[in-house]
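Student: Please model the entire structure based on the sequences and the hints provided.
There are 2 protein chains.
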Amino acid sequence: MTSPAPIVQEDRATATRRRILEVAEALFRSIGYQKTAVADIARELGMSPANVYRFFPSKSAINEAIAERLLSGVAGELDAVADGRGPAADRLRDMLRLLHARHLALFFREKRMHDMVSAAMSEHWGVIAAFIGRIEAAFARVLADGVARGEFAPLDPAVAARQLKQATFLWTHPVLIADCLEKRVSDEGQMAAELEEMLDLLLRGLRVDS
Amino acid sequence: MTSPAPIVQEDRATATRRRILEVAEALFRSIGYQKTAVADIARELGMSPANVYRFFPSKSAINEAIAERLLSGVAGELDAVADGRGPAADRLRDMLRLLHARHLALFFREKRMHDMVSAAMSEHWGVIAAFIGRIEAAFARVLADGVARGEFAPLDPAVAARQLKQATFLWTHPVLIADCLEKRVSDEGQMAAELEEMLDLLLRGLRVDS
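Going down the list, the protein sequences come from chains A and B. Quick note: full-length UniProt numbering has the first sequence finishing at residue 210, numbered continuously throughout. Quick note: full-length UniProt numbering has the second sequence finishing at residue 210, numbered continuously throughout.
A portion of the hints provided could be inaccurate.
The list cannot tell twin chains apart, which means a pair is met if one copy fits it or any two copies do.
Derived DSS-like pairs: lysine-lysine, alpha-carbon spacing no greater than 27 Å straight-line [as the list claims (entries may be wrong)]:
id, residue 1, residue 2
1, 165, 35
2, 59, 165
3, 59, 111
4, 165, 183
5, 111, 183
6, 59, 183
7, 35, 111
8, 59, 35
The hints are simulated quantities; they were obtained by calculation from the structure and are not laboratory data.
Tutor: Now the structure itself:
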């Protein structure tokens with residue numbers, strides 16, 4: 001019989017990691033990710049900064065883990081839409097509406113988290129690349145399904161997925177959304193209406209000629 | 001008989017404005033627009049800063065005038081393509097290739113001017129809005145012509161022009177081009193190939209069903 005000790009050990013480590021992230025996220029939301037020091041997180045947890053560093057080698061590793069948690073929630077929602085039933089065109093439309101809505105909500109309701117995601121994007125954290133890869137893969141699945149169903153003309157799903165991402169950048173890139181709204185180039189209603197028009201054009205370009 | 005004096009006066013003022021801009025542009029290109037002070041421009045011209053301010057109320061007015069000169073050159077080239085012969089789809093494609101090429105050249109060959117245009121965009125100078133408006137108007141002319149020729153399905157030229165601009169932002173926005181290249185997300189060849197693919201998709205979405 002093998003001892004269960006290593007498993008218990010691992011659970012405890014996982015629990016500690018989770019607690020560190022929960023406290024860090026609460027601090028990020030209340031005072032912002034830039035002003036939160038590892039010492040603040042440690043104090044809140046009643047542990048030493050050295051102990052926090054045993055679980056996360058740097059502040060930046062904590063940032064990444066929190067961004068990862070936030071984005072994997074959105075990616076999970078997108079996967080659920082992608083893998084649903086209904087016409088492929090409708091699923092793609094719903095996915096892009098969802099992506100736009102989530103990034104808009106981040107900007108309006110969770111400004112401090114938005115700042116963190118914007119920083120992650122400009123500093124090119126690995127978690128952002130992983131998120132974008134996961135979204136493109138979900139688009140590609142739906143596109144391949146649409147071709148199989150005869151909805152779309154023959155296409156390379158990976159290429160078309162990248163194009164959907166590129167053509168809708170203005171509605172899904174947190175920094176560009178913020179820029180647009182802060183400079184009042186556009187407002188929420190106008191952005192939503194223009195996204196629908198863009199999706200009409202793109203889906204028209206993808207579909208089988210009637 | 002009216003005196004010709006005021007006309008001569010105006011010519012002289014125009015010539016002085018032109019000289020100020022020439023000297024300012026040369027300084028912008030050599031030391032950058034941010035480091036160039038109105039005093040530097042005045043010294044180079046052998047005049048007092050107060051005299052420069054008689055022609056341009058602020059450094060920012062000089063910046064705008066130089067950005068305007070630069071961008072109106074590009075807009076003129078675009079108008080020439082827009083008003084040429086040949087299928088509307090080809091002209092739109094050539095316009096977007098040109099816009100991409102000019103902004104790419106700005107980044108690679110005239111980094112200091114690129115910095116100035118980027119600043120103009122982030123500070124939302126009027127000259128940028130005017131440039132974008134002129135480009136959209138040129139797109140709309142070609143789109144209306146394409147509908148009249150039976151190349152494109154019935155569409156609102158202003159809406160479709162805005163969509164062409166929005167969907168190709170990644171290739172025409174100086175700041176996004178720089179971001180893409182500096183982070184090595186993409187390189188020049190890949191960007192050009194992806195622009196062609198995007199234009200295929202968009203023009204397919206615009207054309208009359210066969």
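Student: Against which earlier hints does the structure fall short, listed by number upward?
Tutor: 1, 2
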